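Protein chains: 2
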Amino acid sequence: MTGAPRARTAGRGRRPGPTETREAILAEAREMFADKGYDGTSLRAIARAAGVDPALVHHFFGTKEGVFVEAMRFPVDPSVVLPQLLSLPRERLGEAIVRTFLQVWGDADRRAPLLAMLRSAMTNERAAAMMREFVTSALLGRAGAAGDVPHLNIQAAVGQMIGVMILRYVLRVEPMASASEDELVALVAPTLQRYLD
Amino acid sequence: MTGAPRARTAGRGRRPGPTETREAILAEAREMFADKGYDGTSLRAIARAAGVDPALVHHFFGTKEGVFVEAMRFPVDPSVVLPQLLSLPRERLGEAIVRTFLQVWGDADRRAPLLAMLRSAMTNERAAAMMREFVTSALLGRAGAAGDVPHLNIQAAVGQMIGVMILRYVLRVEPMASASEDELVALVAPTLQRYLD
Numbered sequence: 001m002t003g004a005p006r007a008r009t010a011g012r013g014r015r016p017g018p019t020e021t022r023e024a025i026l027a028e029a030r031e032m033f034a035d036k037g038y039d040g041t042s043l044r045a046i047a048r049a050a051g052v053d054p055a056l057v058h059h060f061f062g063t064k065e066g067v068f069v070e071a072m073r074f075p076v077d078p079s080v081v082l083p084q085l086l087s088l089p090r091e092r093l094g095e096a097i098v099r100t101f102l103q104v105w106g107d108a109d110r111r112a113p114l115l116a117m118l119r120s121a122m123t124n125e126r127a128a129a130m131m132r133e134f135v136t137s138a139l140l141g142r143a144g145a146a147g148d149v150p151h152l153n154i155q156a157a158v159g160q161m162i163g164v165m166i167l168r169y170v171l172r173v174e175p176m177a178s179a180s181e182d183e184l185v186a187l188v189a190p191t192l193q194r195y196l197d
Numbered sequence: 198m199t200g201a202p203r204a205r206t207a208g209r210g211r212r213p214g215p216t217e218t219r220e221a222i223l224a225e226a227r228e229m230f231a232d233k234g235y236d237g238t239s240l241r242a243i244a245r246a247a248g249v250d251p252a253l254v255h256h257f258f259g260t261k262e263g264v265f266v267e268a269m270r271f272p273v274d275p276s277v278v279l280p281q282l283l284s285l286p287r288e289r290l291g292e293a294i295v296r297t298f299l300q301v302w303g304d305a306d307r308r309a310p311l312l313a314m315l316r317s318a319m320t321n322e323r324a325a326a327m328m329r330e331f332v333t334s335a336l337l338g339r340a341g342a343a344g345d346v347p348h349l350n351i352q353a354a355v356g357q358m359i360g361v362m363i364l365r366y367v368l369r370v371e372p373m374a375s376a377s378e379d380e381l382v383a384l385v386a387p388t389l390q391r392y393l394d
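If you're matching them up, the sequences are chains F and Y in order.
Note that the working numbering has the first sequence beginning at 1, numbered continuously upward.
Note that the working numbering has the second sequence beginning at 198, numbered continuously upward.
What the hints contain is simulated information worked out from the structure, not anything from laboratory work.
As the structure is a prediction and not an experimental result, all values here were calculated from the model.
Please note that a few of the clues may not be correct.
Stated by the list, open to error - Cβ-to-Cβ under 10 Å is the rule here; a few derived chain Y residues that face chain F:
#, residue
1, Arg316
2, Met319
3, Ala325
4, Ala326
5, Arg329
6, Val332
7, Leu337
8, Gln352
9, Gly360
10, Met362
11, Val367
12, Pro372
13, Glu380
As the list claims (entries may be wrong) - Label-pair distances were calculated between CB atoms; the ranges are:
#, chain 1, residue 1, chain 2, residue 2, range
14, F, Gly17, Y, Asp304, 47 to 57 Å
15, Y, Ser317, F, Ala34, 14 to 24 Å
16, Y, Asp345, F, Ala116, 32 to 42 Å
17, Y, Gly214, F, Gln103, 53 to 63 Å
18, F, Glu174, Y, Val278, 17 to 27 Å
19, Y, Gln281, F, Arg111, 29 to 39 Å
20, Y, Glu217, F, Ser79, 53 to 63 Å
21, F, Arg99, Y, Asp304, 33 to 43 Å
22, F, Arg111, Y, Asp250, 43 to 53 Å
23, Y, Asp250, F, Gln103, 47 to 57 Å
24, Y, Asp250, F, Pro190, 45 to 55 Å
25, F, Arg73, Y, Glu228, 31 to 41 Å
26, F, Ala34, Y, Glu371, 17 to 27 Å
27, F, Gly17, Y, Asn321, 34 to 44 Å
We put the beta carbon where it would ideally sit given N, CA and C, even for glycine.
Take the sequences, apply the hints, and build the full model.
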């Protein structure tokens, strides 16, 4: 990796446009997250690798979470979705989480990168570490800080949703695959509610 | 595929021993399950492909489930484990299921083939179909026949366990990865119990 943005047109000396710079930053970020994990990567190091000022990375993506979400095409930005969920009355949280998962996983374009990451994590320890660190820091750190719910309970709730999503959208087992959103809310929301109460 | 068992030593004309014949049957079964799915494969067709009598396949493996479990190295034989679970008093079922999952997934050798199948199912529709059909027929058919629990509820319970297993053994997120068996029973068994009551 040289210090120069990769998107620069070789030999022309033309300054890269904002789109090219953005893509160059994301390419460096993708490589760095895969190589050093989520915790081992900083916004500053990504900027250095892409040959740009850290302020520009901040300007484009806000936080490290934001860079990760874009670079890995992670289909949800926890820094956007979690505050929304946590602003709800506690007793509506179970239902809101079920509907959020169904919305994200029900969209094949958003599901695909998530499944790709999960597949990698199943054979590759580095990929597992990256996902583990992102889940821990961006998701649990934020959710835990906002409430008094033990992390183990949050993980049981997330586990419930991951498993149901795999049965519904990957294995497509019936009747789970064809159940309506309301049926799944009625079935699963009380479970989440119990974990989070 | 010729009609002769693959394990026969080429050009020697020697009769294959029981171990070789068993392996030859499993090799044909593996190919046939992957190619035609679980529902599209019969004990008779496996026998034909392996060039042996169906009675011999039955003698070695009992049922089609038994062949699948051996051929795919599926770490649990539903025809053994489900009757054990279903013989328990209903109110102990939640705990027993949690402990069974932890026992199977906690063993790296039993976890590996399961993860391999799950990975394949994430990218390959044939692999997904095979796993879906096996889960539906061998697991849900059996569990549903024995009780009055709706399939959707059984799947929500299985989903809870799959998700927790992925967080604990694949992503190894803390504190889930280090939680004791008893902690997980206390956390998750009431959820399963609710689905199955």
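Consistency of the hints with the structure:
Hint on Arg316 of chain Y holds. Least Cβ distance to chain F is approximately 5 Å, under the 10 Å limit. Checking Met319 of chain Y against chain F: minimum C-beta separation of about 5 Å stays under 10 Å; hint holds. Look at Ala325 of chain Y: its Cβ gets to within about 6 Å of chain F, closer than 10 Å, so that hint holds up. Contact between Ala326 of chain Y and chain F, as hinted, is supported at the beta carbon level, the nearest pair being about 9 Å apart and thus within 10 Å.
Taken as an interface hint, Arg329 of chain Y checks out: its beta carbon lies about 5 Å from the nearest beta carbon of chain F, inside 10 Å. Restraint check, Val332 of chain Y versus chain F: the minimum CB separation of about 6 Å is within 10 Å; hint holds. Given the 10 Å rule on beta carbons, the hint for Leu337 of chain Y holds: about 8 Å separates it from the nearest Cβ of chain F. The beta carbon of Gln352 of chain Y comes within 4 Å of a beta carbon in chain F, closer than 10 Å, and the hint placing it at the interface holds.
Against a cut-off of 10 Å between C-beta atoms, the interface hint on Gly360 of chain Y holds, since the closest Cβ of chain F lies about 3 Å away. Interface restraint check for Met362 of chain Y: the shortest CB-CB distance to chain F comes to about 8 Å, inside 10 Å, so the restraint holds. At a threshold of 10 Å, the smallest CB-CB gap from Val367 of chain Y to chain F is about 6 Å, leaving the interface hint in force. Evaluation of the Pro372 of chain Y hint against chain F yields a held restraint, the C-beta minimum of about 5 Å falling below 10 Å.
Proximity of Glu380 of chain Y to chain F holds as hinted, the smallest CB-CB distance being about 7 Å (cut-off 10 Å). Roughly 54 Å separates the CB atoms of Gly17 of chain F and Asp304 of chain Y, a value that falls within the hinted 47 to 57 Å. With their beta carbons about 22 Å apart, Ser317 of chain Y and Ala34 of chain F fall inside the hinted range of 14 to 24 Å. Range check, Asp345 of chain Y to Ala116 of chain F: about 40 Å between beta-carbon atoms, so the 32 to 42 Å window is met.
The given range of 53 to 63 Å is respected by Gly214 of chain Y and Gln103 of chain F, whose C-beta atoms sit roughly 57 Å from each other. At about 22 Å, the CB distance of Glu174 of chain F to Val278 of chain Y agrees with the hint of 17 to 27 Å. Taking the beta carbon of each, Gln281 of chain Y and Arg111 of chain F are about 36 Å apart, inside 29 to 39 Å as hinted. At roughly 59 Å, the beta-carbon separation of Glu217 of chain Y and Ser79 of chain F lies within the given 53 to 63 Å, and the hint holds.
About 36 Å separates the C-beta atoms of Arg99 of chain F and Asp304 of chain Y, a value consistent with the hinted range of 33 to 43 Å. Remark: the range hint 43 to 53 Å for Arg111 of chain F to Asp250 of chain Y is upheld by a beta-carbon distance near 46 Å. Roughly 54 Å separates the CB atoms of Asp250 of chain Y and Gln103 of chain F, a value that falls within the hinted 47 to 57 Å. Distance hint check: the CB atoms of Asp250 of chain Y and Pro190 of chain F are about 53 Å apart, consistent with the given range 45 to 55 Å.
For the hinted restraint 31 to 41 Å between Arg73 of chain F and Glu228 of chain Y, the CB-CB distance of approximately 35 Å keeps it satisfied. Between Ala34 of chain F and Glu371 of chain Y the Cβ separation comes to about 22 Å, which falls inside the hinted range of 17 to 27 Å. As the Cβ distance of Gly17 of chain F to Asn321 of chain Y is approximately 40 Å, the hint placing it in 34 to 44 Å holds.
Violated hints for the displayed structure: none, as all numbered hints are satisfied.
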